[in-house]
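Note that the protein sequences, when read in sequence, are chains A, B and C. For the first sequence, my numbering gives the first residue as 1, with consecutive numbering after it. For the second sequence, my numbering gives the first residue as 1001, with consecutive numbering after it. For the third sequence, my numbering gives the first residue as 2001, with consecutive numbering after it.
Read the hints as simulated data drawn from the structure, not as lab findings. Being a predicted model, the structure only gives us computed values, none of them experimental. Where is the CB? At the ideal position from N, CA and C, for every residue including glycine. There's no promise every hint is true.
As the list claims (entries may be wrong) - Residues from chain C that face chain A, not an exhaustive set, calculated with beta carbons under 8 Å: (1) F2014; (2) R2080; (3) R2090; (4) T2108; (5) K2116; (6) M2203; (7) F2207.
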Amino acid sequence: MFSGLTNRRTLGFCIVFFILLLFLPLFLPRFYIYLLALIFVTGLLATSLNLVLGFGGMYQFHHAVFYGVGAYAFALFSKKTGLSPWLGYILAPAIAALVGMVMGLITVRLSKLYFGMLQLSLGSLVWAIVFRWYSFTGGDDGIHGISVPDMISSTTGSYYFTLIVTTVCLILMYMIVNSPFGRTFQGIRDNPERTEAVGVDVKRHQLAGLVIASAFAGVAGSLFATVEECAFPDLLFWTLSLELIIMCLLGGWFIFMGPMLGSAIIVILRTFVGIYTEYWTLILGIVLMLLILFLPEGVLGYFQEKFSKSKNAALVEN
Amino acid sequence: MEFASNITIAAIFQQVLVGLSRTTILFIVASGLSLVLGVLRIPNVAHGSLYMIGAFLAYTIATLFGGGTAGFWLALIIAPLGVALISFIAERGLFCHLYEREHLMLLLFTFSFTLVFGDLVKLVWGSDYRSLSAPVFMQGSFSIFDLPFPRYNLFLLVIGPLVALGLWFLTNKTKIGKIARAAAVDREMVGAVGINVSRVFAAVFVIGCFLAGLGGALVAPTQNITQGMDHAIIIEAFLIVIIGGLGNMWGALLGALIFGLTDSMGILLWPQFAIVFPYIAVIIVLLFRPKGLLKSTW
Amino acid sequence: MLRIEAAYKSFDGFIAVNGSHLSVEKGEVVAVIGPNGAGKTTLFNLITGQLIPDKGKILFKDENIAGLPPYKICRKGISRSFQIVNIFNRLTVFENVQIAVLSHQKKTFNLFFPAKNLAISKTRDILDSVGLIDKAGHISGTLSHGDQKVLEMAIALGNKPELLILDEPTAGMSPEETAFTLSLMKKLSGELGLTILFCEHDMELVFSIARKIMVMQQGSTIIQGNPDEVKNNRQVQDAYLGGSDECFK
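The following block holds chain A by itself, in its conformation from the complex (with noise of 0.2 Å):
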């Protein structure tokens, strides 16, 4: 069943890298840990955005509400039942995925930049909701204090749980990337017209998309909700919604692990850029304008370009 799906030198790269992260936590200070499980979340929500946004070509403008939904998922399942946390971890992705069709549904039938407009319309009537509704959502105050299983509470253990999960989230998503589905999803970004004359129901593919992906972004929600332990209305807010997009960008939305390291280097620059001065976002919008003006393609992108050439000759093994 994995057979073909990646050649062995990138294989054994993913499992010595993984096998690294998994000794980390022996030596690496507390913060460095928090970063980094805070860096796999991120990149599960900005690569599950990407399945629709780089892989389907559908402008999810709105990705971010999903996160949000599956953090509040998972929060007020743990806060408002008396039922065991994990559960919260099945709901949280489940919630999402059904916020995702019902969305879905309306946008479908409009393309491109209506598509994303709609998208934010309605997520942002999502937010508004939670925003107000203090009795059950807490409001702007949002929710602190969810109580996670006690195995995973601690940094150490958070970290684990958010490295496997993420694991497990990216192998699945690499997998319908490179399946027939993900392929048909190709087909669709570059040519909808084309993928519904060879016989493919476009709009039904494109709301299945948006189902995964939306469960996916439902996954990170709740990793998020574990690791910070609090859950708040700007998760669902459209300005991430749009860094999102900056991340898949940054890191080259052709490619898979692109937004992985986009999520990481915005994520490590806040960061630190943030130790130094209040104005990150100054240098984040700075940063957007050059990658846009110079590298369209993104960091992955540009240096696949680049050894592209040869490789290409090399594909014909087929």
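Position chains B and C relative to chain A; hints supplied.
Below, chains B and C without anything else, positioned relative to chain A:
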């Protein structure tokens, strides 16, 4: 859930007037956005930032001139011009090189301006609240059916139609307006007949941004001038443009009316969730007219 | 197999297809000719569902398919290529055709099985038959125009159609490429028994392969018949052959 219990005819009338004055601001901002979106095809997220800068500039100018009536009028004129100048520099320096990029890139590029402007405003004006008071003769309220209605809102109700009329004149009666409308439909054609499209685009961009600044300057006396007012307005403006029909000036007016009135009626019906009503209106409109109420230039 | 009866389509008052009719029998090679703007591409778009006719019937195997979405029409057995190259630019040649094959095999909702291992032999067969097998790994957007046009046709073959519709298959091709495409069409119709409906400006190609020709002018069908009938038709001669219309040079 606490519904307002005192829904009377007078209260409804009062809220309609409040909604209409809100409509004025929304229309001015959204029409500028729609102009840029319709003619240049730029989804300008930074439009909200320009609105915020307009408000802060108005505050500074009014304060510089002692805060009196003269200061207010000067602020109302100079602040939008200042915003227009900023946009002119941005257009000539950066945007004019990017017109051929796809919409997503343009949107992100303007978002980078939102980020930069947001911090620059913080840098210049600090993160405190500012407030600007209207000239004395516009302060206070008068009563309609025994309910108070701010005088300044009445001023807004006069300004709104004036701006609409001015825009109508600009797009229908002037040469640049006619060229811009033609370019909105077919860019290449206009270029082919020997018109300097680039210059027309610059003018349209600057006029659109001027409107954002004007909206900001006008809204300044009615609310606190703060960081974050850019984030709130831009989503509203985009939604108005979308439900009205991209690039359609009257659509922007219609959209602003829907948005302003549902918002003010929401305050009357269910204050806690008033914010939700306009969004629901937008969704209902788009369910039935996915491309907006009036004809789009796209 | 395919019968069009009195199809109409207008855009903002401009009548693109005006009561046109056409019939294609199984195994035939039928050409649609006519000057630019005669409505040929619009007619094809009506057949394959990109456009919905205002009036009229489009019967495929005695079933009215007018107004169905393109993907449903494709699943009924009609595939098409496009006049303007319409491929998946960022994907490889192999993947381009594979999408059509996967769609035909109803595997596009398979989420977890590697696509690399699916539909390989079918895809390779098609690439082999159109002569693109050597370029299977190339990104399709980087191919030459002629190769892209051939790929157009290969994608259409991926659905294993009963009726293949080609919209100007040789537009923009060099003489060698045109000759190759002609031989390819002959092979498809001869060896595989495919029914082909195409439109073309190259009259030499049309008369060398088409069993039946339909002539369109201003959205209407002037005549449909065998090549000799068409050549000897007065109306056609007046309208085209006598004149200096560029498509009959």
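These are the hints, each one checked on the structure:
1. F2014: violated, 22 Å
2. R2080: holds, 6 Å
3. R2090: Since chain A brings a Cβ to about 5 Å from R2090(C), closer than 8 Å, the hint holds.
4. T2108: Holds, about 4 Å.
5. K2116: For K2116(C), the interface hint holds, since the closest Cβ of chain A sits about 4 Å away, which is under 8 Å.
6. M2203: violated, 27 Å
7. F2207: violated, 29 Å
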